[in-house]
Amino acid sequence: ADAGEWAAAAHGSGCHFTFVSSDAVFTGPWMFHDEQSECRCPSSQASLIRDAEARVGRCCPRALIIRTNAYGWAPAGTPNGWIEQILIDLERRSLQGYDYIRHATPILATDLADILLRAITEDLTGVHHIAGAERVNPLQFAQRLADHFEMPWLAVRRAEETLNEPAAGFGAGETSLQTKKVRKALCVAMPMLSEGLERLRRQQFSSVTPQTGPDAPVAVRQSA
1 ADAGEWAAAA HGSGCHFTFV SSDAVFTGPW MFHDEQSECR CPSSQASLIR DAEARVGRCC
61 PRALIIRTNA YGWAPAGTPN GWIEQILIDL ERRSLQGYDY IRHATPILAT DLADILLRAI
121 TEDLTGVHHI AGAERVNPLQ FAQRLADHFE MPWLAVRRAE ETLNEPAAGF GAGETSLQTK
181 KVRKALCVAM PMLSEGLERL RRQQFSSVTP QTGPDAPVAV RQSA
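One point on numbering: in our numbering, the residue at position 86 of the sequence shown is 86, and numbering is uninterrupted.
These are computed hints drawn from the structure, not numbers from a lab. Computed from a predicted structure; not experimentally measured. Certain hints may be false.
Unchecked claim - Restricting the straight-line Cα-Cα distance to at most 25 angstroms, the calculated cross-link-like pairs of lysine to aspartate or glutamate (DMTMM-like) are:
1) Lys-184 <-> Glu-91
2) Lys-180 <-> Glu-122
3) Lys-184 <-> Asp-2
4) Lys-180 <-> Asp-89
5) Lys-181 <-> Asp-51
6) Lys-181 <-> Glu-84
7) Lys-184 <-> Glu-195
8) Lys-180 <-> Glu-195
9) Lys-184 <-> Glu-5
10) Lys-181 <-> Glu-91
11) Lys-181 <-> Asp-99
12) Lys-181 <-> Asp-89
13) Lys-181 <-> Asp-34
14) Lys-180 <-> Glu-84
15) Lys-181 <-> Glu-53
16) Lys-181 <-> Glu-35
17) Lys-180 <-> Glu-53
18) Lys-180 <-> Asp-2
19) Lys-181 <-> Glu-195
20) Lys-184 <-> Glu-53
21) Lys-184 <-> Asp-123
22) Lys-180 <-> Glu-38
23) Lys-184 <-> Asp-89
24) Lys-184 <-> Glu-122
25) Lys-180 <-> Asp-123
26) Lys-181 <-> Asp-111
27) Lys-184 <-> Glu-84
28) Lys-180 <-> Asp-114
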């Protein structure tokens, strides 16, 4: 359904409306984009997301629009997702396909939910960024994940350390988010990557989230 229609219905009913958007609306060369950053990704996918944000803002002026980059376990009964695939690749000691060009500021989905709930309670409106405190690429993320899950990983030889031209494509460049606005509004700190990964590891053995394996949950996609 169209995000604007949902926003309009919420506005007409006097209900709160939160629209969760993506950090992939941005690209490089600048790092840590604030809410007004003009370094916009020109891809069609990013344009669709920006259009959806604009429609939500028009149809529900007091809507809360969150740009983020979340990862974590999802409900059981679905195919393996991003986190599960990383763990499988780590077991195979195969990280050759992991990108070191893209960078983002991923946040654990449950950490995002806690901050989002606080933002709703505080009646925050407008566009805000909620993200992790550290900027990483997919290869670094996989290596950090291996450390927290006590799994081996092999150093990957990078064929090229520099780019001759900016990375192109949806979520292919620099999508790291600056979070100063929401931190000031809520007096809250964004979690470090190590904190999120440690909570992710504990969730693996919790009663809420099953362990990884053939029936493991899907990870929320993140573009780091």
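* Which of the numbered hints are not met once you compare them with the structure shown? -> Violated hints (numbers, rising): 1, 3, 4, 6, 9, 10, 11, 12, 14, 18, 23, 27; every other hint is consistent with the structure.
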